[in-house]
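*Asks:* Chain by chain, the residues run as shown.
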Amino acid sequence: MSFVSFSFLILLFVTVVVYYLISPQYRWIWLLVISFFFYMCSSPVYVVFLLASILVTYFSGVLIGKVNHGSGSKTRKKAIAALSLVINIGVLITFKYLKFFSDLLSFAGINAIAGEYRFILPIGISFYTFQSLSYTLDVYRGDVEPEYHLGKYALFVSFFPTLISGPIQKSKDFLKKIDEVHSFDYDRVRRGILLMLWGYFEKMVVADRLGVLVNTVFNNPAQYHGLDSILAVLFYTFQIYCDFAGYSNISLGVAETLGFHLSANFQQPYFSKSIQEFWRRWHISLGTWFRDYLYFPLGGSRCSKLRHYLNLLIVFTVCGLWHGASLTFLFWGILHGFYQIVGLLLKPVKREVQDRLGFQNSSRGYTMLQTAATFVLVSFAWVFFRADTMENAFLMIGNMFQFDRSSLWDGSIFNLGLTQPEFIAAILGIFIVILVDILTTHLDLRNVLIGSNTMVRWTVYLAAVLILIIFGTYGSEYSAQSFIYFQF
Amino acid sequence: MKKLITKGFIFVLLLFTILGLISPIFVYKTQHMGKLKEGLYLSDDQYDVVLMGSSHMNGGVDPNVIWNQYGITSFNYATGGQPIDATYYLLKDVLKKHKNPVVVLDVFYLGMTNQYGERGLVSNALDNMKFSSNKLNAIWNCTPPEDRFLYLFPVLKYHFRWSSLEAKDFGFDYSSVYYNKGFVAGTEKYGKSISKWEDTENRTEIPAKSLEYLNKIIALSKEENFKLVLVNMPCDYSEPNQQDGWVDDCEALFNTVADFAESNKIPFLDLYDKAEEIGIDFANDMNNAGHLNLWGAYKISSYLGKYLKQNYNLTDYRDNSAYANWDEDYQYSQAASITKDDFGKDFC
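So the protein sequences, as listed, match chains W and Y. Sequential numbering of the first sequence, starting at 1, is according to the numbering used here. Sequential numbering of the second sequence, starting at 1001, is according to the numbering used here.
Okay, chain W solo, but in the shape it has when bound (with noise of 0.2 Å):
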């Protein structure tokens, strides 16, 4: 079941309301059976890798408890961890990277065990594994106390708003506020609303929108050249922001309708002066997961420089397989590597030029020179995201600079799949995002707008669900376009 349909309002509505008519003690209950319910309308099958995964995750938590409190060696206690760890990413590592193994060792010369299998991915395998082992290692680390309530770690793990697509909650964070009594707070369901009337917008306005110019070009990459690859490369850069950051506001705003206050998965991350500040920014709940289980065990930025720039290279290397099982995701791990690396490594020369030149790291010039470098590093770095091949990404890039200047004038980018009208709607889109994005580094948006009159507000309300119907990209003229990041 897709946020964008209206089985999931309905569902959400029905959902919302029964679950503050009904006595705390028995929401959890309510929210595991919807959960379930939601995950099962997309993947009836495979409900069943999502429950090994709990109870798994859930037993090692049991027992390496019992260990943290003096029963049992910390021999068993690494080997319970041991086993959740590969349990859980064996299942993973088979039905996603595989067959990419297997091609790779057969590219050597090893003829692979894989052959010709092909498993159909289950939807949201890549975020519930990580969220269900980071509580086996915060348990394993003794950060968090073991949840003996099987059913409400179920939750947890399957908490419907965040099961798909994330963004990946922290055991610490998340299992105690299944606990907390959340009273109904007109307030809070109303900026929850909100929020998700905003990811509406990104996603359905903006994201898909640009995502037609963007399938274009790149599913043909020979037959475009100069503006049309750069347009393309440059709406994918705000198609795949606008798309996951849409789907992250829609969750986050389902949480809070009921009562949940999840962390924000992206911070204005195209405002970012560097790559490691992008990092930051992006993917929030991915960027601390890697810090806090791969990243700082590996050592960190503690250790010599070269392990430091090898744990970099390490992270981001997983961090490209995480997204997908193909070369092209790998690159764009690597590269992003490669970039902090450089960044690091060009800091003394930066320093030097900054010295040499008299500029202040806070002048105004100097912000908006990084912000773009980083914005064009992180646009160059998304062609290998989402091209197809290897052999795709490096003919876009090619192609970009085979610039025709009549294509500036000659009509010729609205024959890219969006006609002119749609075309200066997806511009005026972009606007629309990056005014919000600076407007919420200083302002709340949403108390703002809850703290104007009944006629400013109900005119925004409105306003913002006719532009969703009207501008929206959806029904049987558009091809249906499923969120990006259900894929990994």
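The set of hints was computed from the structure by calculation and includes no laboratory data. Idealized CB from N, CA, C, for every residue including glycine. Among these hints, one or two may not hold up.
Claimed, not checked - Taking beta-carbon pairs under 8 Å as the criterion, some of the chain W residues facing chain Y (in silico):
no., residue
1, PHE107
2, TYR186
3, THR419
4, VAL460
5, VAL465
6, LEU466
7, ILE469
8, ILE470
9, GLY472
10, GLY475
Unchecked claim - Interface residues of chain Y toward chain W, partial, derived using beta-carbon atoms under 10 Å:
no., residue
11, MET1001
12, GLY1008
13, PHE1011
14, LEU1019
15, PHE1026
16, VAL1027
17, TYR1028
18, PHE1149
19, VAL1155
20, LYS1157
21, TYR1158
22, SER1163
Model the placement of chain Y on the given structure of chain W, informed by the hints.
*Replies:* Chain Y alone, transformed into the frame defined by chain W:
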């Protein structure tokens, strides 16, 4: 929570009202829209005969010809791809204004075996009906569950048209369709002589939903006291036979319809069988395999007008000054313009 639900309810009500108001802007401005608005709501004329059905009827019978030759007032409410269930509900809307007419019903779509007609074609009829309990019933019964909301607020179906809206979308000029009285035929020539279909004595069942709605129309005729005539238009049935979602043998179906009509004492004019008698020349009188052209429609309309005149007590209004506008309208009709130049002596 009561506050949220109350405000939410008011919001939804307001939203639905706006969607209802803006939907007509987004609906395609086709001749189907023009004719239905004209025939159902705008025209003050009373029609003694109403012509119902699919595209076969839409381009098959010209009310202007019937008027010109027999002085009978009629209107063609048929729309392309109109399944029999949609015809039933459309007829109910027609009967709100026109009491006890002779209803001439094209039976071609009885052959449809799908539960629901194609969205685009069903929309031709349903999108142009005014909101009423009858329209709600039509949506409920003629469209698949997942589409019903879209028919209730057509803007949800056609919202993508925002980028191509024209001045006519904000104010459709109904005068452009006024003179047609609902009839529109092509002026192409099929060019193929039909290989006469072999007569068969076979029978095939009328698909369940078609039969259900045919029975409903018959029940309605008794309830509303109108005469019903079933017709089947000339057509190259070798092509419809190959369609998915259609009965395998149209000839066998129409044999069953003939039996059904006889047992229900309803006249059935199989104009396909009477094509030779009427003088239909497939190569020159068909627009394409399935539809008559202007010349073919002229012949069929003449035949049908004569049949209606002979079999029903229909008034000839040609000498009634209150109907003078019908004569004037005829001068602007498709038939009048063609007959003057091309039709020759045979049919004028």
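*Asks:* Hints first: check each against the structure and report whether it holds.
*Replies:* A quick look at each hint next to the structure:
Look at PHE107 (chain W): its Cβ only gets to about 44 Å from chain Y, farther than 8 Å, so that hint breaks. Checking TYR186 (chain W) against chain Y by beta carbon gives a least distance of about 6 Å; that is within 8 Å, so the hint holds. A hinted interface residue such as THR419 (chain W) counts as satisfied when its beta carbon comes closer than 8 Å to some beta carbon of chain Y; here the least separation is about 6 Å, so the hint holds. A cut of 8 Å between beta carbons decides the hint on VAL460 (chain W): the least distance to chain Y is about 12 Å, and the hint is violated.
Against a cut-off of 8 Å between C-beta atoms, the interface hint on VAL465 (chain W) holds, since the closest Cβ of chain Y lies about 6 Å away. Annotation: interface hint on LEU466 (chain W) holds; nearest CB of chain Y at approximately 7 Å, less than 8 Å. At its closest, the beta carbon of ILE469 (chain W) sits 6 Å from a beta carbon of chain Y; the interface hint therefore holds under the 8 Å criterion. For ILE470 (chain W), the suggested interface contact is upheld, since its CB lies about 5 Å from the closest CB of chain Y, less than 8 Å.
Given hint, GLY472 (chain W) at the interface with chain Y, holds; its Cβ is 7 Å from that chain's nearest Cβ, closer than 8 Å. Taken as an interface hint, GLY475 (chain W) checks out: its beta carbon lies about 7 Å from the nearest beta carbon of chain Y, inside 8 Å. For MET1001 (chain Y), the suggested interface contact is upheld, since its CB lies about 5 Å from the closest CB of chain W, less than 10 Å. Nearest Cβ of chain W to the Cβ of GLY1008 (chain Y): about 8 Å, under the 10 Å cut. The hint holds.
Proximity of PHE1011 (chain Y) to chain W holds as hinted, the smallest CB-CB distance being about 7 Å (cut-off 10 Å). Proximity of LEU1019 (chain Y) to chain W holds as hinted, the smallest CB-CB distance being about 7 Å (cut-off 10 Å). Nearest Cβ of chain W to the Cβ of PHE1026 (chain Y): about 8 Å, under the 10 Å cut. The hint holds. A least Cβ separation of about 14 Å between VAL1027 (chain Y) and chain W goes past the 10 Å threshold, and the interface hint is therefore violated.
Below 10 Å, beta-carbon pairs count as interface contacts, and TYR1028 (chain Y) has none with chain W, the closest being about 12 Å; its hint is therefore violated. At about 7 Å, the closest approach between the beta carbon of PHE1149 (chain Y) and any beta carbon in chain W falls short of 10 Å, and the interface hint on this residue holds. Here the hint on VAL1155 (chain Y) is kept, as its CB sits about 7 Å from the closest CB of chain W, short of 10 Å. Taking 10 Å as the C-beta cut-off, the interface hint given for LYS1157 (chain Y) holds, the closest approach to chain W being about 7 Å.
Hint on TYR1158 (chain Y) holds. Least Cβ distance to chain W is approximately 8 Å, under the 10 Å limit. About 4 Å separates the beta-carbon of SER1163 (chain Y) from the nearest beta-carbon of chain W, less than 10 Å, and the hint is met.
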